[in-house]
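Protein chains in written order, with the working numbering: chain A, 1 to 201; chain B, 1001 to 1204.
Take these hints with a grain of salt, some might be off.
Claimed, not checked - List of simulated lysine-lysine pairs, DSS-like, C-alpha gap at most 25 angstroms:
1) A:K44 - A:K26
2) A:K198 - B:K1017
3) B:K1010 - A:K26
4) B:K1200 - B:K1120
5) A:K123 - B:K1017
6) A:K198 - A:K174
7) A:K44 - B:K1041
8) A:K180 - A:K44
9) B:K1141 - B:K1124
10) B:K1010 - A:K123
11) B:K1141 - A:K26
As the list claims (entries may be wrong) - Where chain B lies over chain A, by a calculated footprint (3+ residues, C-beta under 8 angstroms):
12) 46-59
13) 64-70
14) 174-185
It is worth saying that the hints were derived from the structure and are not from the lab.
Positions of the beta carbon are idealized from the N, C-alpha and C atoms, including for glycine.
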Amino acid sequence: MANDPDHSTATPEQRAAALEIVLRRKGEMPETFVEDFTNHAEEKWITDNGAQMVARAWTDPAFRARMLADGKAAAMEMGFQFPEHHRQLVVLENTLDIHNVIVCTQCSCTAYTIIGAAPDWYKDIDYRARVVRQSRTVLREMGLDLPASTEIRVWDTTADHRYMVLPLQPPATKGWPEEKLAAIVTQDAMIGASQLEKVED
Amino acid sequence: MDGMHDLGGKQGFGRVKYPSPPHEETWEPLVRALSAFAIRKHIYNMDEFRHAIERMAPRHYMAAPYYERHLTAVATLLVEKDYVTREELEALASGAFPLSGSSGPGRLPSSPQSFAIGEKVRVKNEFVPGHVRMPAYVRGKVGVVVGISPLCPFPDAAGHSMQAPMEPTYDVRFRSRDLWPDSCDEALNHVGVFQSYLEKTETT
């Protein structure tokens, strides 16, 4: 730790292990909870959930309308789950003129059951501090050079609703089956840090 | 509280490390699971958890990786809620166990009021001693309500284990140039703002 000149601080491994002991002894945490939870998170809360929603929205106009009206209901209709405190999923539709990008400046909230656990760069203090104020510059540095005419909308996850971006469908993929479409949708595109337009048939 | 966590618009930061370099931290999934267990078991709620992170010493906050912040919050709350003492934790961990500090008290919502979609609103010029989910970059600023969200527990109360009444949050759209005149990229900034943080403007 930066403010630990005599190196007396226990390592994060030691501290995490201490907490595990306390929760087992005093919190009645079952023996298998950590493993079960971790397996569940890794198997069920994955980027592919959001990717399947995006692919369906591209191919099924009625689903797209439902997803834009109530993202949580649309996700639950596909069998996806939410933790108790995620009260709403707001789906932000990118268009040729509007680009949406998500951040959580105060912590790193995300719709992790739908788009998967947030990537490290999203949790980075540099991203959290800068993207609200220097959106175009930050996106350009990250490889997304938006035309000057594109309006940028930055969404700060400060309350208990969650966001996901509905990216533009790459023109070359029109007519593809849903499963093939889902495979090209990335987590970064559902955060709004990248677009998908370079996909080739 | 105006803590170190409230980073939006702060200057001097550098390029985002993108794409993220791979890293292997075997203790991170453990911390994630422990925190999830404590939430499910209602040992604390999400607002108390967030507030415990916000209360970390600024130097520790800035230097700690993401899951070390979570680890510190879990430990702080377990000590504060009498599951364990700091001394016991340090004995179990075989070393010092830095915890978060304390903050000012929580507070209850202000009197109910309502705002319509399309209405101009101002974020109150408030300096809150305890937990608050209003990012400082919108404090005192004027925006337009573009959406109304389902009721949520008022975080300034929930973060202090007070009985938290439910209240609406509003999607408020600000222009970046109203937030940081002459010193930002052109954009629309959307923030989810709790009803109690807002007030009417004279110009509606």
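Right, here's what the structure says about each hint:
no., hint, in the structure
1, A:K44 - A:K26, "violated (29 angstroms)"
2, A:K198 - B:K1017, "holds (22 angstroms)"
3, B:K1010 - A:K26, "violated (41 angstroms)"
4, B:K1200 - B:K1120, "holds (7 angstroms)"
5, A:K123 - B:K1017, "holds (10 angstroms)"
6, A:K198 - A:K174, "holds (13 angstroms)"
7, A:K44 - B:K1041, "holds (21 angstroms)"
8, A:K180 - A:K44, "holds (20 angstroms)"
9, B:K1141 - B:K1124, "holds (8 angstroms)"
10, B:K1010 - A:K123, "holds (15 angstroms)"
11, B:K1141 - A:K26, "violated (46 angstroms)"
12, 46-59, "violated (count 0)"
13, 64-70, "violated (count 0)"
14, 174-185, "violated (count 0)"
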